[in-house]
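Chains as they are written, first to last, in our numbering: chain A, 1 to 263; chain G, 1 to 263; chain E, 1 to 263.
The hints are simulated quantities; they were obtained by calculation from the structure and are not laboratory data. What you are looking at is a predicted structure, and each value in this text was computed from that prediction instead of being measured. One thing to keep in mind: the hints can contain errors.
Which copy is meant is left open, because identical chains are indistinguishable; a pair holds if it fits in one copy or across any two.
Said to hold, decoys possible - With a straight-line Cα cutoff of 20 Å, these simulated EDC-like cross-link-like pairs (lysine to aspartate or glutamate) come out:
| no. | residue 1 | residue 2 |
| --- | --- | --- |
| 1 | K184 | E12 |
| 2 | K192 | E16 |
| 3 | K184 | D259 |
| 4 | K139 | E51 |
| 5 | K139 | D257 |
| 6 | K87 | E12 |
| 7 | K155 | E170 |
| 8 | K88 | E12 |
| 9 | K192 | D142 |
| 10 | K13 | E170 |
| 11 | K89 | D152 |
| 12 | K87 | E51 |
| 13 | K13 | D179 |
| 14 | K110 | E51 |
| 15 | K13 | D142 |
| 16 | K88 | D55 |
| 17 | K139 | E16 |
| 18 | K110 | D55 |
| 19 | K110 | E16 |
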Amino acid sequence: MIQPHAVWADVEKLRETAPLVHNITNFVVMNTTANALLAIGASPVMAHAAEEVTDMVAIASALVINIGTLSPDWVDAMRLAMSAASKKKIPIVFDPVGAGATPYRTNTCKLLLNAVRPTIIRGNASEIMALLNEDIKTKGVDSTMSSISAQDAAKALAIRYQCVVVVSGEIDVITDGTDVMLVKNGHPMMPKVTGMGCTATALIGAFAAIQPNPLLAATHAMAVMSICGEMAARHSAGPATLQLHIIDSFYNLTGSDIDTILI
Amino acid sequence: MIQPHAVWADVEKLRETAPLVHNITNFVVMNTTANALLAIGASPVMAHAAEEVTDMVAIASALVINIGTLSPDWVDAMRLAMSAASKKKIPIVFDPVGAGATPYRTNTCKLLLNAVRPTIIRGNASEIMALLNEDIKTKGVDSTMSSISAQDAAKALAIRYQCVVVVSGEIDVITDGTDVMLVKNGHPMMPKVTGMGCTATALIGAFAAIQPNPLLAATHAMAVMSICGEMAARHSAGPATLQLHIIDSFYNLTGSDIDTILI
Amino acid sequence: MIQPHAVWADVEKLRETAPLVHNITNFVVMNTTANALLAIGASPVMAHAAEEVTDMVAIASALVINIGTLSPDWVDAMRLAMSAASKKKIPIVFDPVGAGATPYRTNTCKLLLNAVRPTIIRGNASEIMALLNEDIKTKGVDSTMSSISAQDAAKALAIRYQCVVVVSGEIDVITDGTDVMLVKNGHPMMPKVTGMGCTATALIGAFAAIQPNPLLAATHAMAVMSICGEMAARHSAGPATLQLHIIDSFYNLTGSDIDTILI
Numbered sequence: 001m002i003q004p005h006a007v008w009a010d011v012e013k014l015r016e017t018a019p020l021v022h023n024i025t026n027f028v029v030m031n032t033t034a035n036a037l038l039a040i041g042a043s044p045v046m047a048h049a050a051e052e053v054t055d056m057v058a059i060a061s062a063l064v065i066n067i068g069t070l071s072p073d074w075v076d077a078m079r080l081a082m083s084a085a086s087k088k089k090i091p092i093v094f095d096p097v098g099a100g101a102t103p104y105r106t107n108t109c110k111l112l113l114n115a116v117r118p119t120i121i122r123g124n125a126s127e128i129m130a131l132l133n134e135d136i137k138t139k140g141v142d143s144t145m146s147s148i149s150a151q152d153a154a155k156a157l158a159i160r161y162q163c164v165v166v167v168s169g170e171i172d173v174i175t176d177g178t179d180v181m182l183v184k185n186g187h188p189m190m191p192k193v194t195g196m197g198c199t200a201t202a203l204i205g206a207f208a209a210i211q212p213n214p215l216l217a218a219t220h221a222m223a224v225m226s227i228c229g230e231m232a233a234r235h236s237a238g239p240a241t242l243q244l245h246i247i248d249s250f251y252n253l254t255g256s257d258i259d260t261i262l263i
Numbered sequence: 001m002i003q004p005h006a007v008w009a010d011v012e013k014l015r016e017t018a019p020l021v022h023n024i025t026n027f028v029v030m031n032t033t034a035n036a037l038l039a040i041g042a043s044p045v046m047a048h049a050a051e052e053v054t055d056m057v058a059i060a061s062a063l064v065i066n067i068g069t070l071s072p073d074w075v076d077a078m079r080l081a082m083s084a085a086s087k088k089k090i091p092i093v094f095d096p097v098g099a100g101a102t103p104y105r106t107n108t109c110k111l112l113l114n115a116v117r118p119t120i121i122r123g124n125a126s127e128i129m130a131l132l133n134e135d136i137k138t139k140g141v142d143s144t145m146s147s148i149s150a151q152d153a154a155k156a157l158a159i160r161y162q163c164v165v166v167v168s169g170e171i172d173v174i175t176d177g178t179d180v181m182l183v184k185n186g187h188p189m190m191p192k193v194t195g196m197g198c199t200a201t202a203l204i205g206a207f208a209a210i211q212p213n214p215l216l217a218a219t220h221a222m223a224v225m226s227i228c229g230e231m232a233a234r235h236s237a238g239p240a241t242l243q244l245h246i247i248d249s250f251y252n253l254t255g256s257d258i259d260t261i262l263i
Numbered sequence: 001m002i003q004p005h006a007v008w009a010d011v012e013k014l015r016e017t018a019p020l021v022h023n024i025t026n027f028v029v030m031n032t033t034a035n036a037l038l039a040i041g042a043s044p045v046m047a048h049a050a051e052e053v054t055d056m057v058a059i060a061s062a063l064v065i066n067i068g069t070l071s072p073d074w075v076d077a078m079r080l081a082m083s084a085a086s087k088k089k090i091p092i093v094f095d096p097v098g099a100g101a102t103p104y105r106t107n108t109c110k111l112l113l114n115a116v117r118p119t120i121i122r123g124n125a126s127e128i129m130a131l132l133n134e135d136i137k138t139k140g141v142d143s144t145m146s147s148i149s150a151q152d153a154a155k156a157l158a159i160r161y162q163c164v165v166v167v168s169g170e171i172d173v174i175t176d177g178t179d180v181m182l183v184k185n186g187h188p189m190m191p192k193v194t195g196m197g198c199t200a201t202a203l204i205g206a207f208a209a210i211q212p213n214p215l216l217a218a219t220h221a222m223a224v225m226s227i228c229g230e231m232a233a234r235h236s237a238g239p240a241t242l243q244l245h246i247i248d249s250f251y252n253l254t255g256s257d258i259d260t261i262l263i
């Protein structure tokens with residue numbers, strides 16, 4: 001069971017401490033990601049040059065790695081940043097966008113995850129399946145299977161990398177390989193917004209910056225994501241207004257909203 | 001004459017099949033492009049590394065190339081992707097953003113178009129003129145002449161590259177060098193939204209993925225673009241709300257909207 | 001004192017002449033920046049390849065340099081573009097995003113500013129302090145001190161580089177090292193929108209393209225920014241709607257709005 005008051009306590013801590021979240025993410029979502037992090041209360045920074053990622057990690061409270069529009073230079077910087085974050089013992093959240101779509105994506109994920117243990121991995125069902133079993137082929141960046149069907153794969157992946165794994169979807173599955181948390185809120189229009197998963201990953205980074213238990217950090221972030229998605233959908237005519245209103249909802253979220261909406 | 005039912009049939013086919021559209025496009029429009037493609041019913045993916053573009057083309061149903069923020073690495077990847085798409089015989093839609101503004105843009109267009117025949121080229125009047133006659137100089141990325149005035153240039157360009165050419169503007173001109181289709185819908189605030197032409201190019205990619213006749217694919221995409229622009233403008237206070245509402249309109253578009261609004 | 005009619009005269013001149021503003025800016029804000037420039041009446045172009053920046057400067061009326069997501073290739077292009085702009089005597093507006101956060105950012109600023117004198121520098125208080133005194137450390141890209149407290153630093157920086165310096169914040173400070181202009185409009189939600197400072201920098205570029213006095217250009221741009229921020233906040237439920245409505249406000253701004261709202 002997810003405790004509404006514990007979710008809210010993390011939101012309050014985020015807003016009070018405004019942790020710096022360092023993102024090496026994709027071109028498609030940079031604006032939305034930065035706005036989402038600011039709206040929930042974190043302080044986002046985007047920096048991808050090998051010349052500075054180590055120094056940026058040194059002042060950051062969490063590192064978010066997202067391979068959505070990867071290329072060799074960026075992958076090198078991701079590896080450097082992950083190593084620095086690991087040494088500094090700040091949380092590392094990894095988003096394997098499009099894993100399984102091309103060998104380059106799948107291999108890059110393997111390279112990075114084998115080099116540095118992440119704290120939390122978040123993907124859709126297809127991506128999580130592809131990380132576990134490289135024979136799985138995915139169709140681009142959109143999932144073709146349900147999140148619940150990937151629950152066993154998520155557990156196995158969590159055990160392999162000794163981390164927390166989040167499978168987002170209609171029901172979000174969060175597991176450390178043993179315990180499983182489910183987030184049942186959300187709205188069917190959310191997958192029609194590009195990078196909604198990337199926003200979730202960034203939020204997980206923000207929560208992990210202030211919540212030392214990664215299973216709780218990931219669960220609370222997904223709960224906030226799903227609750228705000230529902231709040232936003234109430235007055236959204238389509239996916240573009242939904243993308244907008246979910247960010248406003250992060251900004252306006254109250255403890256009472258969480259109490260009322262969380263299933 | 002554009003057939004409303006044929007436009008609608010393509011929209012329905014898009015929504016049913018959700019074709020994967022591979023975009024190598026510019027940094028300014030990546031988010032809007034991905035959201036537009038999702039909203040109309042396609043599945044967008046952005047991938048620009050030489051290490052993966054060939055593999056991404058292998059699972060895609062259309063390739064969209066847009067040179068808006070070009071650099072040598074990206075141009076190399078565009079060429080690789082175009083070659084792979086040509087071999088696989090999936091449609092290639094090319095957007096010569098800012099052709100004529102700098103020799104690098106004009107020369108890159110020439111290099112790419114001479115290496116691989118595109119299926120459809122879409123630009124504004126200045127860009128189409130600059131592609132045809134490299135002595136034409138343009139002012140940045142905004143057109144300084146009317147689309148109708150570029151009709152002959154469009155025909156000549158279509159003949160040169162044996163492709164369909166779209167000149168977007170107040171009236172959109174679509175030609176295969178012989179036949180000419182005109183889309184007369186649209187709204188004067190549309191050019192005040194950045195990357196509206198890039199969105200049109202991406203939509204053309206989506207329609208070409210499911211409509212084998214490129215003249216019809218381009219015409220239907222431009223009709224949807226213009227109709228949705230009109231629908232969005234009805235409740236938009238300025239260009240930013242227009243950018244938002246046009247994406248919601250792609251999502252909500254019905255056959256009845258097309259019947260009612262198409263001129 | 002800021003003259004409302006002089007602010008308005010510059011807005012009108014912008015809309016009449018639509019100057020081409022060449023931006024080498026960061027990935028996070030490219031879409032918002034381009035839309036802001038279009039909405040106020042300028043013609044934006046984004047181009048960052050060393051292969052074309054000199055040619056793009058040759059047709060531009062102002063150059064905006066923003067190091068928000070810098071890397072060596074981009075810094076090389078920035079230097080080339082700044083040299084070309086300096087030779088052509090068009091205004092150069094420089095935004096030291098995150099100066100002080102990493103040595104790479106601080107050193108890059110020093111390198112560029114020492115190579116080519118900018119016309120106007122705009123940053124938040126932390127960034128301006130870090131440019132003046134490299135021992136200052138900042139927290140990512142968000143300021144941790146008030147703009148007014150950086151007034152002396154701004155004057156010293158303006159004298160060092162013989163340029164105008166803008167410190168944006170609750171009160172915007174604009175100085176050429178001798179005179180100081182203050183813009184007291186604005187809204188507390190504005191710092192919750194990512195890249196609002198980058199938008200301000202781009203607007204300064206647009207105003208500098210048509211207003212030869214850089215102190216006035218920067219002041220008028222900041223006045224428009226702050227007035228439109230207030231107009232937008234009236235009907236914004238959160239930072240995402242604020243980001244949207246401020247662009248619509250640029251588009252709809254009238255002389256009467258300036259008269260009524262400017263403090």
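Worksheet item: When the hints from earlier in the document are held up against this structure, which numbers fail?
Response: 1, 5, 6, 8, 10, 11, 13 and 19
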